[in-house]
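Fit chain L to the known structure of chain Y by using the hints.
Number of protein chains: 2
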Amino acid sequence: MPNREKHDRMANAIRFLAADAVQAANSGHPGMPMGMADVATVLFGKVLKFDPTDPHWPDRDRFILSAGHGSMLIYSLLYLTGYEGMSLDDIKNFRQLGSKTPGHPEYGHTVGVETTTGPLGQGLANSVGFALAERMLAAQFGGDLVDHHTYVIAGDGCLMEGISEEAIELAGRQKLNKLIVLWDDNHITIDGSTALSVATDQLARFEASGWNATRVDGHDPDAILAALERAKTSDKPTLIACRTTIGFGAPTKQGTNGVHGAPLGADELAAARTALGWEYPAFEVPTDVLDAWRLAGLRSRQAHKSWSERLKAADHELRGEFERRVRGELPSKFAEVNAAIVTRAHADKNPVATRKSSETVLEALTAALPEMVGGSADLTHSNNTKTKATSVYVEPPKYDGRYINYGIREHGMAAAMNGIALHGGFIPYAGTFLVFSDYCRPSIRLAALMGIRVVYVFTHDSIGVGEDGPTHQPVEQIAALRAIPNLTVFRPCDTVETAEAWKLALEHKTGPTVLALTRQNLPLMRTDPNTRCLTAKGAYEIVPASDNAQVSLFASGSEVSLCAAARDILEAEGIPTRVVSVPSFELFANQPEESRRQVVGTAPVKVAVEAAIRQGWDAVVGSDAAFVGMTGFGASGPAGKVFAHFGITAENVAATAKSRLKKS
Amino acid sequence: MPNREKHDRMANAIRFLAADAVQAANSGHPGMPMGMADVATVLFGKVLKFDPTDPHWPDRDRFILSAGHGSMLIYSLLYLTGYEGMSLDDIKNFRQLGSKTPGHPEYGHTVGVETTTGPLGQGLANSVGFALAERMLAAQFGGDLVDHHTYVIAGDGCLMEGISEEAIELAGRQKLNKLIVLWDDNHITIDGSTALSVATDQLARFEASGWNATRVDGHDPDAILAALERAKTSDKPTLIACRTTIGFGAPTKQGTNGVHGAPLGADELAAARTALGWEYPAFEVPTDVLDAWRLAGLRSRQAHKSWSERLKAADHELRGEFERRVRGELPSKFAEVNAAIVTRAHADKNPVATRKSSETVLEALTAALPEMVGGSADLTHSNNTKTKATSVYVEPPKYDGRYINYGIREHGMAAAMNGIALHGGFIPYAGTFLVFSDYCRPSIRLAALMGIRVVYVFTHDSIGVGEDGPTHQPVEQIAALRAIPNLTVFRPCDTVETAEAWKLALEHKTGPTVLALTRQNLPLMRTDPNTRCLTAKGAYEIVPASDNAQVSLFASGSEVSLCAAARDILEAEGIPTRVVSVPSFELFANQPEESRRQVVGTAPVKVAVEAAIRQGWDAVVGSDAAFVGMTGFGASGPAGKVFAHFGITAENVAATAKSRLKKS
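Residue numbers (our numbering), protein chains in the order written: chain Y, 1 to 664; chain L, 1 to 664.
Keep in mind that a hint or two might mislead.
[Claimed, not checked] Here are the computed lysine-lysine pairs in the DSS-like style, where the Cα-Cα straight-line distance is at most 27 Å:
{"hint": "1", "chain 1": "L", "residue 1": "K232", "chain 2": "L", "residue 2": "K6"}
{"hint": "2", "chain 1": "Y", "residue 1": "K49", "chain 2": "Y", "residue 2": "K312"}
{"hint": "3", "chain 1": "L", "residue 1": "K92", "chain 2": "L", "residue 2": "K175"}
{"hint": "4", "chain 1": "Y", "residue 1": "K641", "chain 2": "L", "residue 2": "K92"}
{"hint": "5", "chain 1": "L", "residue 1": "K641", "chain 2": "Y", "residue 2": "K92"}
{"hint": "6", "chain 1": "L", "residue 1": "K6", "chain 2": "L", "residue 2": "K92"}
None of these hints come from the bench; they were simulated from the model.
For reference, chain Y alone in the conformation it holds in the complex (with noise of 0.2 Å):
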C-alpha cells in the first residue's frame, strides 16, 4: 500500500470513529477529529514518542488537546495505538455517564489523557509547565533521563482566551524550544467565520514573543512531518499553524460551524463515508488500518527500553531519588524536618504576618524538598514566596533553578503550576494577592478536579491591605474559593497554623491547598507548646473559657487573636467566653459529626468573626449564629482605622456578643 493511502485511511480511521460516536451519542463535537486527523495520523504514527502499555513512562512525550471539545480525537488514538484503558466499548460509551469517553478529555479518568481541557486556552498555558517541568527535571537528572517533548493541539478559541498569551509570553521567554503547538488553523469558530472576531495575524504574533511560527497544510502528511522535524531541531518554542478544513469529509457541512458542535446527521456521515471512500459500517476499524495503527503504538518501544536500561544503569542513589520524585513521594526525612519546623514555630513569641511566618517555614521546607518550585506574578517580596534554597531563577540555558518568574500573569502561573504538577517530578507553590486568584480562577477550578497538587500562597487577604484599597482587599474571594470542591483552603492564625498548613498541603497528594495569608503582623495564638497538628481539623478551641462558656467566638486567620482580646473583654465583665480557631472549613467538614458537635460546644451564645463576607459560615456555626465581618467592599486606609470602620474590633465582637447574650 502505497504511503499516502495508508496515511490516508489510517487518518479516516480517526475520522469514522469520531463521527460515529459523535453520531451515536448524539452529541459532540466531529469538526475538530475530521480535519485535525491527518495531523494527529503524521504525530501519533511517526513523531510522537510513546508507549501505550507504559502510559506512565517518565520520558514519553507529552500530548495535550487543548481544543478539549476535539475529545474523540485522542479518543480515537489512544483506542487506535492499543492502549489498554480505552476500548471499542469506550468509544461506542462516548459521552455515556460512566464511560471512559467523557465530553471532554479528563486527566485521572481516563488513561493517555495528561490534563483536563475543554475550558479553552488551559491546555495550552498547562503545556508550558509541561514544558518547563521537563526542562528542570532534566537540569536535576540529566538528559539521560529525561529528554521529551511537549506536543499541542489548540484551536482558535484557544488562541483567542487571554490565558494564551501569558502562556506564549512565558514560553518565548523561557526559550522552550520543546514546546510544539500545532494550531487548527480552521477559520471557524462557533459562531461562523474567524473573520467576524479576530484580525490577528497569529504568526506575527506568536514570533513577537520569541516564537518560531510557520503554516503548513494541515492534510499534508508530507508538510506536516517536515514542519515536525524542523521544530523538534529548533531553539525555541514552535508554533504550526496547520490550514485544515474543519469536518473534513463531511461533503455539504465541512468548512463551516455546522460541523463544529453538533453530530453529522445519518445522511451526511454516509455520504461522507462515500466521499471518502470508507466502506465500513459504524465503529468497524479494517484489519489493516488497526493493524497499522497497532505498530505505531510500538514504535516508541525501543526508545522506552533503552531509557530503562539508562535508568537501571544509573547512580543508585539519583535513581531512587529519581523514581521517588516520580511517584510524587515526600523524602523520608520529611516528618523530622517538618517536627523541627513546628518546633520553631512554637518558640518564635513576635508578632509575625503569616505570610512572613510561611516564608520562614518554606525556608526550611525548601531546603528539604527538592521538588518544591516556586515562584510569584511578580509579587515576590509581598508572597514572601522566594527562599535561600529556591534563589535561583528557572530560565535558559540551564534551567537549574528553583523560582519562576511568572511575571503578572496570575492565570498562565496557576495553569502552568497545573501543568508543572501534572508532569511530574515537581510539586510547585507560587503566589499572588488573594483579590487576583479570581484571575487564575479557571485553572485553580481544573486542578481541583483534576486533584493534583499546587499550592497557592495568597497573601494580603483582607481589608488588612488597608491603603491599597477595595481593588485590592479581598472579600468575597475565601468564600468563592471555599466553594470550590476538592480545593483545601486554609487562614492560619498564626505562624503555628501556617507550618501546619504547610504540612498538610504538601501531605495532600489529590488535591491543591490554598494559603490564605496576612500582610499584617499577627501575635502567636498557639502558646501551648503541644505539638500535634491541630489544623488537621480543620477547626479546633484555641483559647478556653474561664468556666461554663457563655460565648463561643469563632474565627480565621487575622481575626482569631481580635476574638482572644474579644474574650478578654467578655471574661472580664465576667462572661466566660471560648474562641475557636476554624483555619479550614473543608478539613472541619471532613470530621465524624460528634467531634464537629464539640469543637461548636454548647454555648448559648455562638459569634463567627472573619474580615470577609459571611456566606459559608453557616455550615460551621449554624445560621443562628452572629456574624461580625463585611457585607461589602472596603475601603481605602490605614488597615487599622480601616478595621474599625467596619466594625471588625474586639470591642465589637464583644458587644455582639453581650447583645444576643441579652436575648438568649
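Okay, now just chain L, sitting in the frame of chain Y:
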C-alpha cells in the same frame, strides 16, 4: 518662559504632588507618576479634550489610567487642571479613610475618574468598550454630537495580563482608530527588570493585531506630542511606547523597582527636589505653574461651547433621545413594553429553556430599547443573545450594528461591557456559559464595585449541561457569583420569571446583573394570571400547600418545577407541601425581616434544592434545613441521567422531606 521650561515645571508639579502625597501617606506608588509626568503633561496640557467644570460632558475625550496604582498621577492632574471635586486637601489626604484620593482610582467616588482601575489590564480592556461605545453612539447620533478619543496609560503589568491580548485583538478587529494607548515602557516591574519575565516585542505584538505601534522618548515633550498628533490621524488603534525612567528625578532610586511601590523617603525626596530644581515645600505648587495648568484646563472650553450649540441646534427629537440615552434612563414606553412581555410570558404554556425564554424577552426589549447592545463570547446560538433588532454586527467602518462578536474572550468581553456602560448611552448585555463566568470574574467584580448596569446572560447553568461534562457544568459558580457584593444574581424558573428578571436588570442602574439560564426545557410555573413582578421579592410561594404545610420546598431555576413534582408526590401521600421559588438571594435579603419570615414559613421540614453546592442557601432557609444538590463536580452524560446520578430528582426530594418529617 520658554516652552520647555514651562513644560518641565508643569510636569514637576505632578511629580512632587505625587511624591509628597505618597510620602505623607507613607504608602503608595511614586514611580509611575514621576515617570509618566511628561507624557501626562503633554496629554492633558495640549491634547485631551476635557472640561473640568463639566466632568460629565458627553463628548469629552476619555482618559483611562489602566496602571491604577499610579493614582496620584490622575489626582494631581484633576487638582492642577481645576476639577472642583479635587482640592489640595484631598491630595494631602491621599490614601486616608473616606478621602477622595483612595489608593487606586475609583469611579463614582472621585469625579473625573472614568473607571476603577488597579487590577491590572482592566482599564486597557475597558478602553475597548469606551472606544466602541463612541463609534456606536456616533453611528446613531452623528459625528456632530459624538466625536472623541479614548486615551489610556498602561503599564507593563497591563500588557502582561492575558486580558490585554483579548482587548488588543478586539480593538484591532474593530479598527478602533480613536483608541490611543500610551505604554509606560519603563523596563521595571515590582520584582525587578521586565527582562526577568518578558521577552516580547510589544510593538510587533500590537502590529500583529492591526495596530499602529510607535516608540518615543517619554521624557521628550515634542516627540510625545508629535506621536499623539500622528495617532489621532490614524486609521487604526495606536500604541505609543513611551520609554521612561520610573521615578524620574529621584537621584538614587529612579530606574529601579525601589521607587515603584514605596515612599521615596525624606532624604531621597529632598534630593529629587534639588535634582529637578523644585524649591517649593511639600504640596506647594507655585502660582505660575498652577496658572499654566488651570489655563490648560480651560483649553477645551470653546470646543465644549460649540458642541453645546450643536446639541441645541439638533433636531428636537434626536436631542431628547440623545439626552435620555446619556442619562441612562429607560424610554417612557418601557413600562408598557414590559407589561406586554410579561403578559405574553404568562400565555406561553409550552415547556421552554430559560435561555430561550430570555431570547423571546430580548426580542421585544431590544426592539424597544435602542440602547441595548448585545453580544456573546462566540456562543450566540447557545446563549440566545441575538435578536432581530440586534442582528447587525457592530463593525467597521459603520459601527451601526447592535451585536458585538466578542470572540472567545470572556474576560475581554466583560471588561469591554464595563467600558460601554461607563461611556454612557448603552446598556450592554452579553453571554457565555455560566461555568465560564470564572474567566471574567475580575471584570464582574469591578462592575459590582463601580455600580454600573451591565447584564450577563450566563446559560447552561447546571449539570443540566449534560454530555459536555464537569468542565462545562457549573457547580460552584452560582455561589461564587452570589458572593460578590452588589451583584444581583437571578436564576429564573420559567419564562415569566425570566421576563421579570430582565425588567429588574434593566431598571437596576446601580449594579450589574447575572441571569443564570438553563439549557434544558422547563415547564411554565407561573400559571397564575397575576402579573405582579414577584421576582422583585427575591423569593415567594409559587405553589401553596393544600393545608397547613408540613414541608416547605425551596428552589431556584430548573429545580422549582422539580420541587413542584416532589410536592405532588408528598401531597399524594397526605403531606401538605408548599414550594417557594427563590430567583434571587440578593433581592430576598433586601426584603423586610417580617416578609422574609412569611416566605420561609413555619413548616417543620424545610428542604432547599439547587443543582449546585449548598453554600449560600443557609442564609435563606437556615442551616437546619435539608439540602438536595451537589457536593462535588458533575459528570458527563445525558442530562436526565446526570440529574438522577446525583440524586437531584423529585423522588429524592420527597424522600428527603419524609425522612426529615420522621425525625421532627
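Report the numbers of all earlier hints that the structure fails to satisfy, in ascending order. Those not satisfied come down to hint 3.
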